[in-house]
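Start from the sequences, fold in the hints, and give me the full structure.
Sequence order for the protein chains is E and X. Per our numbering, residue 125 is the first one in the first sequence, and the count goes up by one each step. Per our numbering, residue 125 is the first one in the second sequence, and the count goes up by one each step.
Note that these hints are calculated values from the structure, not bench results. A few of these clues could be false.
It does not matter which identical chain is meant; a pair holds if it fits inside one copy or across any two.
Below, computed lysine-lysine pairings styled on PhoX-like, alpha-carbon distance capped at 20 Å [what the hints assert, rightly or not]:
1. 201 x 177
2. 197 x 355
3. 469 x 340
4. 429 x 381
5. 370 x 177
6. 469 x 381
There are 2 protein chains.
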Amino acid sequence: MISHKSSLKRRTISEDWLESTGRNDVVIYQTLPDFLIKNQDGVDISRWSLRGKYWLFVFSSEAAELEDPDFSKLLNKFAVQLRPSAGIAMITSSSSGVLSRLHKEHNLTFDLFSDKEMVIWKSVNKDLPDSTGECFCTVLLDPWGRIRKVFPDHSAEDFSRFIVQEMHEMVRHDLALNAEIHTRRAFRAFSSRTVERNSILRILEAGHLAPSCMNKQPWRFIVIDDSEGLKRVQESLSEGNYWMKKAPVLIAAHATKRDDCTLNDRRNYYLFGTGLAVGFMIIQATQMGMVLHPVAGYNPIELKKLLQVPEEAVMITLMALGYPGDPETLGDKHRKIETGDRIRKSLDQVVSWFS
Amino acid sequence: MISHKSSLKRRTISEDWLESTGRNDVVIYQTLPDFLIKNQDGVDISRWSLRGKYWLFVFSSEAAELEDPDFSKLLNKFAVQLRPSAGIAMITSSSSGVLSRLHKEHNLTFDLFSDKEMVIWKSVNKDLPDSTGECFCTVLLDPWGRIRKVFPDHSAEDFSRFIVQEMHEMVRHDLALNAEIHTRRAFRAFSSRTVERNSILRILEAGHLAPSCMNKQPWRFIVIDDSEGLKRVQESLSEGNYWMKKAPVLIAAHATKRDDCTLNDRRNYYLFGTGLAVGFMIIQATQMGMVLHPVAGYNPIELKKLLQVPEEAVMITLMALGYPGDPETLGDKHRKIETGDRIRKSLDQVVSWFS
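Have a look at this one:
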């Protein structure tokens, strides 16, 4: 009898985490489902028509809460203050006709949505136990209809104290410089920690989701992650790229002109498009706590031969991938760059305004 | 007397939000300061040597908490489970020698850091009122030393119930597909909402932080955001790009070969590098709730003349920028694409593994 020892081994939290990277259902934010409902004016509302604004969805099983003058006064005030970046909608199962009357009666400045089948509420609450029909939660949505925060309850006090503050925090987060772009540097020090294939695939998937001219997807990637392969590829590196020998993974990117748009005025898009995909890969790697550092310093003829890349392709970059390590392992010059300030031309030198 | 009415106007929350985009001090995650402390073995610990792992920092004004056998047992267990993705360190003001003795005495599997001046604790708590010297907070750090979560207190119960769960959530977030890459599509429907110049600048700043060959920064951008300028630029659009006439901002990107690396084997990097910068701009715009859609369909000769771009430059793309709008404003074909599924080659068609 064969004993399947490995499957009986007690898993560590780290192993669970790594496995979850391979699952396609892991999304950071859940998105609203497709729906078609009406507002207080009888106008169709879909998840598409809500795009472009932040929304506070206040769910209420009946519109009765509007009878509380303090609550509707408070929502009125916030609705005015939040314009034009954000809207407030109270969502009930009441008909559009009832909502129209209530909207006029109480002089409301926020929207009332009639979701008779409670489609939106059910999608937000799908992880909760079966509903009794009572629903008073509040949901913060971003301009893409992504559910950013769910509050299980709401009252006038919640709004004044927490909910509008949380919305403010969300907007501040979104308007700030992207965290991965802010953190990313062309780091060179790698730790010896290996990179799981699931993590490599996630980074490649991110690059492959980049846009391209007529969706031609001209990028091609070759992953080198075993010691024998790494040794052979390292031979084509230029001397200054000694630090890449410590990276546990190398990824070569190549592209061919005829795989992408070529316009009759000599513009072609295969290099631009591959750059865009590499940009997305760098963002993904940074989010995952890794360095992805593209270089140009290698012998492209040797490398193309070794990796069996067609003659007509351009071997545009070789990238080092791994977890960041101790800067002390670098040479003097590179150690200073690793921990030094970022150097850029002023924005004025690369941007102008036409009028 | 001139009345400065505008400065007396009551500001809305939206106005406050927009203003905050122009502030350079708005960062999503605060990063650990530079420090140099010792662990229980007398080894130097800096923020650089901690990179590449998640960390749970457990602050304690004295190492006395270690005397609680339940607490140190619990930390021991978690430290083993979290390897190799994450580490646990208890940070106190005790000397390295004291910590060395305690580490052996209690058979600890987690680290003890000696931060005599409480440099790290002060940086984490700089927004709190003056400290009394008592500090028991717990901090979650990501592999970049970014402070992701601060818990004001800690106990064995907190760890079992919340803190390790929160760490798990953070890792799941980081290992998932990047939210902006997941959300981004080549959307065409724009709302009429204008885009503030601060927001345009933030997007350009993000692109300008992209890496480039030898840090040459070859990208050049021209922003068109007034109605007269937009009208003139729109004349160079190809017919299929009718939808770009609704975008409140257009950004032209151009680059010149001699502004970037050219290697003697005919490789050049100006188009690849500009693609990378545009990739970063798209991520930033998506995070801000906006569509940034680059196209190739325009008359580059007319456009270069109008925008006074040198003859030798390549006008590589024109980008439409704005908030997403109602897909009903699009023609039949584009409306279907706007709300339809994403189309990609299988990953196998663009990725191969060398060994």
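Item checked: Numbers of unmet hints, in rising order -> 2
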